[in-house]
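> Which chain is which? The protein sequence lines are A and B, in order. For the first sequence, our numbering assigns the number 124 to the initial residue and increments by one for each residue that follows. For the second sequence, our numbering assigns the number 8 to the initial residue and increments by one for each residue that follows.
Derived by calculation from the structure, the hints in this document are not laboratory data. Beta carbons: idealized from backbone N, C-alpha and C, even for Gly. Any given hint could be a false lead.
[Claimed, not checked] List of simulated lysine to any residue pairs, SDA-like, C-alpha gap at most 25 angstroms:
1. A:127 with B:81
2. B:497 with A:176
3. B:389 with B:151
4. A:127 with B:43
[Said to hold, decoys possible] Away from chain B, derived, C-beta distances all over 12 angstroms, residues of chain A:
5. 134
6. 146
7. 174
8. 268
9. 296
10. 301
11. 336
12. 344
13. 374
14. 378
15. 395
16. 471
17. 475
Take a look at the letters that make up each chain.
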Amino acid sequence: MSLKIDQDHSRFRAIVRGKIRQNLRKYVSQGELLGRKGKDVVSIPIPQIDIPRFSYGDRQRGGTGQGDGDPGDPVGGDSDGDDEGAGPKAGSAPGEHLLEVDVTLDELAAILGEELELPDILDKGKSKIISAKDRYTSIRRVGPESLRNFKRTYREALKRQISTGTYVPGNPVVVPIPSDKRYRSWKTEAEPVANAVILYMMDVSGSMGDEQKEIVRIESFWIDAWLQKQYKGLDSRYIIHDAVAREVDRETFFHTRESGGTMISSAYKLCSQLIDDHYPPDEWNIYPFHFSDGDNWSMDDTLLCVELLKTKILPRVNMFAYGQVESPYGSGQFIKDLREHFSRDGRVVTSEIRDKDAIITSIKEFLGKGN
Amino acid sequence: MSEFALKTSLPAYLRDEQTRIEKLAAEAGLDFFPTVFEILTYDQMNEIAAYGGFPNRYAHWRFGMEYERLAKSYEYGLSKIYELVINNNPAYAYLLEGNSLVDQKLVMAHVYAHVDFFKNNFSFRQTDLDTGGRTVDPVKRPNAYDPNRRWIDKMANHGSRLRRVAARHGVNKLEEFVDHCLSIENLIDLHAAFSGRRPKRLEEDDEQKVTEIPRLRAKDYMESFINPAEYLELQRKKIEAERDKATKFPEHPERDVLLFLLEHAPLERWEHDALEVVREEAYYFAPQWQTKIMNEGWATYWHSRLMTERILDASEIIDYADHAAGVLATSGGTLNPYKLGVELFRYIEERWDRGQFGKEWEDCDDLDAKRNWNLRLGLGRKKIFEVRALYNDVTFIDEFLTPDFVHQHKLFAFAWSNRNERYEIESRQFRAVKEKLLFQLTNGGNPVIYVEDANFDNRGELLLRHDHQGTDLRQDYAKEVMRSLLRIWKRPISLTTVVEGKAVMLRYEGKEHTTRHLRT
Chain A
124 MSLKIDQDHS RFRAIVRGKI RQNLRKYVSQ GELLGRKGKD VVSIPIPQID IPRFSYGDRQ
184 RGGTGQGDGD PGDPVGGDSD GDDEGAGPKA GSAPGEHLLE VDVTLDELAA ILGEELELPD
244 ILDKGKSKII SAKDRYTSIR RVGPESLRNF KRTYREALKR QISTGTYVPG NPVVVPIPSD
304 KRYRSWKTEA EPVANAVILY MMDVSGSMGD EQKEIVRIES FWIDAWLQKQ YKGLDSRYII
364 HDAVAREVDR ETFFHTRESG GTMISSAYKL CSQLIDDHYP PDEWNIYPFH FSDGDNWSMD
424 DTLLCVELLK TKILPRVNMF AYGQVESPYG SGQFIKDLRE HFSRDGRVVT SEIRDKDAII
484 TSIKEFLGKG N
Chain B
8 MSEFALKTSL PAYLRDEQTR IEKLAAEAGL DFFPTVFEIL TYDQMNEIAA YGGFPNRYAH
68 WRFGMEYERL AKSYEYGLSK IYELVINNNP AYAYLLEGNS LVDQKLVMAH VYAHVDFFKN
128 NFSFRQTDLD TGGRTVDPVK RPNAYDPNRR WIDKMANHGS RLRRVAARHG VNKLEEFVDH
188 CLSIENLIDL HAAFSGRRPK RLEEDDEQKV TEIPRLRAKD YMESFINPAE YLELQRKKIE
248 AERDKATKFP EHPERDVLLF LLEHAPLERW EHDALEVVRE EAYYFAPQWQ TKIMNEGWAT
308 YWHSRLMTER ILDASEIIDY ADHAAGVLAT SGGTLNPYKL GVELFRYIEE RWDRGQFGKE
368 WEDCDDLDAK RNWNLRLGLG RKKIFEVRAL YNDVTFIDEF LTPDFVHQHK LFAFAWSNRN
428 ERYEIESRQF RAVKEKLLFQ LTNGGNPVIY VEDANFDNRG ELLLRHDHQG TDLRQDYAKE
488 VMRSLLRIWK RPISLTTVVE GKAVMLRYEG KEHTTRHLRT
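Using the sequences and the hints given, assemble the complete structure.
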């Protein structure tokens with residue numbers, strides 16, 4: 124049943140959307156949303172959507188209450204006074220009443236896309252048909268009464284009456300007969316669904332600190348959100364490496380810390396292996412993302428990486444993204460090497476991420492090409 | 008409304024209960040408007056509640072926000088609305104589909120007491136549409152009192168009026184302006200309906216009177232002695248000052264800021280429409296927050312009385328008690344208006360039953376005698392009916408809250424402690440508690456703001472004055488409101504108030520907010 128309030132509600136949602144967009148940079152750089160992610164929705168704290176009025180500052184005001192306790196005791200909880208008239212209008216943080224709104228990941232990704240002007244990803248023709256859907260988009264002359272289309276039925280009746288001359292404009296009575304009846308009916312539509320996989324690789328050598336991992340975590344959240352919107356079936360795989368690489372689950376990915384050296388080629392090998400085993404490139408859109416501080420073990424290894432990229436990875440993926448996170452030990456050489464070897468290859472995207480504030484620009488660099 | 012009503016009328020078994028409860032309520036002495044019950048699903052209920060009870064109001068996003076809040080707290084099981092009753096003649100009340108029969112009966116009894124309150128409490132006289140919102144005598148009324156309170160229609164008219172505006176000028180433009188209007192919707196004069204005075208219109212008198220300075224008659228050569236130049240100058244100033252006073256506008260500070268703006272701000276016609284709608288609705292809702300404690304107290308008093316004495320059968324009593332306990336619970340030290348109200352009514356009834364009032368009672372110092380004071384007058388019932396007609400929350404608390412009551416019900420005053428960064432119990436002293444409570448209730452908890460001068464600095468600027476009562480205005484909001492005022496008045500806005508003990512003038516000219524300290 125449709126409610127009249129829906130109109131006002133969608134106006135409100137539009138305002139909320141605007142607010143989120145306004146504050147997007149803050150949300151991104153502070154990683155506030157990570158802990159707020161549910162299955163399909165993110166609950167976002169919005170600063171004050173309210174109609175300002177002349178009103179009293181909260182702190183000076185105080186109020187009255189009821190119950191036990193001596194002067195000097197704290198008043199029960201930090202309960203927000205709801206609009207119960209005489210109830211104390213207290214709050215733990217007066218003036219900063221946050222409103223929590225649920226936004227679907229899809230919508231959030233759309234907002235991100237609007238704000239960063241991200242282009243939609245072009246279909247690479249790698250879609251395979253996985254579902255056929257029935258949609259009620261067509262009209263038939265027979266059907267159950269519950270699906271009768273009133274407008275069409277009356278239009279048919281009107282047509283018939285006009286053509287037979289029984290329609291009197293002065294007395295516009297339209298009476299449908301059975302053959303006028305029209306019914307809503309379905310059409311089966313094949314829906315092509317494209318699959319994509321993100322292969323996250325991260326350097327967990329000693330030089331990658333918690334701060335750096337936090338940046339990777341935030342960034343991967345947004346990459347996930349965006350690609351999720353672009354592809355219906357999205358898979359994620361996680362690879363960590365120091366001198367050797369291994370595949371782990373998401374939890375381990377963000378919380379492991381090793382102390383060894385760095386051999387980036389190990390990760391690329393494993394990545395290529397994963398593609399071989401699980402993701403035939405003609406069915407999958409493949410997105411490897413690699414984050415590191417760029418301190419590779421040796422030039423030889425770097426050259427091996429370049430080789431691997433050229434021969435094994437690049438021919439099979441949509442794009443290859445490398446993000447270099449600045450660590451306390453400065454940032455390494457690897458990004459320069461990549462840029463040198465792949466300056467003319469649009470499939471390789473590199474980005475330097477100095478600090479959390481740089482996340483948003485880096486997201487734009489990664490996703491701004493529509494690969 | 009009609010189409011709506013058809014789909015939502017009560018099923019037969021509830022209609023029977025309604026007839027029975029209506030009869031019992033009338034027998035108990037309640038005097039109510041005819042009351043129409045409808046039954047709603049929870050999303051319809053949330054919708055109507057979000058609209059403040061009126062399904063056909065104008066479109067505005069804040070109703071959508073309220074709906075989201077209500078819908079969410081229902082879905083998460085935090086709260087649900089049991090009942091909604093509208094001050095209208097006939098009154099409309101909404102029941103929630105799927106509630107137990109005990110709950111529905113309780114709600115009906117509760118509703119009849121609310122409607123009795125709407126009809127009889129003087130504050131609600133100002134919602135009578137046939138007296139044009141002007142009710143000089145709050146008590147006197149015709150014997151067969153059947154006022155025009157068709158607010159359902161009126162709100163629907165407001166809705167279509169603003170829809171027309173939206174169609175002509177655009178939704179966004181209207182919404183933006185309505186936001187500004189709503190920012191000042193609390194700047195009304197709660198007692199306007201009873202004050203009997205209308206701010207006089209300034210007479211259009213543009214012709215500048217030539218100021219003739221009176222002189223004494225004198226021969227030419229005596230002129231400079233009898234009418235010395237300094238004296239004439241002094242006289243001229245005096246006359247001018249007098250004239251300035253007469254042209255001070257408004258002559259008296261005006262508390263109904265909305266009315267003042269309606270009459271004098273340079274508004275386009277549609278803007279005038281929108282502001283008028285906001286103002287009328289603000290006045291409609293005002294009595295409800297002026298009598299929240301009394302109204303809920305009264306309804307609770309009667310539902311518990313009717314339910315336990317007349318309506319319930321033995322098998323239902325546990326369910327009822329469980330529910331009633333929930334309604335009256337105080338949690339986390341918050342004051343529950345239902346509880347405070349009903350306890351005060353019961354307290355008054357007991358006092359008047361036992362004759363605990365009047366000079367003799369006041370003068371008695373013997374605590375023991377007071378405790379056992381019982382003249383068996385049995386005036387309690389009569390008294391509470393009188394109280395429900397003639398008081399509002401402020402006078403109710405002012406007159407009937409006693410040290411005894413405060414002690415018995417463990418009321419306290421709390422305040423923010425800067426040292427501990429939390430709210431703390433400040434005092435259990437009667438005086439402190441009462442003061443805080445009255446302050447919360449006075450002017451509905453809103454600051455008192457006057458229009459002081461509409462031609463401030465002789466530049467057509469608007470000067471407002473905040474009547475500071477010890478609590479500062481919230482600064483960020485005040486600034487936003489001044490922005491809205493500027494949009495409506497279209498000239499710079501100034502506001503005198505006190506911030507942290509210093510008199511200041513806040514000013515907004517359209518670009519930035521300035522604060523100037525005033526010498527006092």
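> Against this structure, judge whether each hint is valid.
So, going through the hints one by one against the coordinates:
1. A:127 with B:81: holds, 19 angstroms
2. B:497 with A:176: holds, 19 angstroms
3. B:389 with B:151: holds, 20 angstroms
4. A:127 with B:43: Holds, because 22 angstroms separates the two Cα atoms, which is no more than 25 angstroms.
5. 134: The claim is violated: residue 134 of chain A sits with its nearest Cβ about 4 angstroms from chain B, within 12 angstroms.
6. 146: holds, 17 angstroms
7. 174: Given that some Cβ of chain B is not farther than 12 angstroms from that of residue 174 of chain A, nearest at about 5 angstroms, it is violated.
8. 268: At about 20 angstroms from chain B, residue 268 of chain A clears the 12 angstroms cut-off, so the statement holds.
9. 296: Given a closest Cβ separation of 22 angstroms, the condition holds.
10. 301: holds, 29 angstroms
11. 336: holds, 33 angstroms
12. 344: At about 24 angstroms from chain B, residue 344 of chain A clears the 12 angstroms cut-off, so the statement holds.
13. 374: Holds, because the least Cβ-Cβ distance between residue 374 of chain A and chain B comes to about 28 angstroms, which exceeds 12 angstroms.
14. 378: Label holds. Min Cβ-Cβ 31 angstroms, cutoff 12 angstroms.
15. 395: Holds: least Cβ distance 47 angstroms, greater than 12 angstroms.
16. 471: holds, 45 angstroms
17. 475: holds, 38 angstroms
The structure fails hints 5, 7 (numbered hints given earlier, in ascending order).
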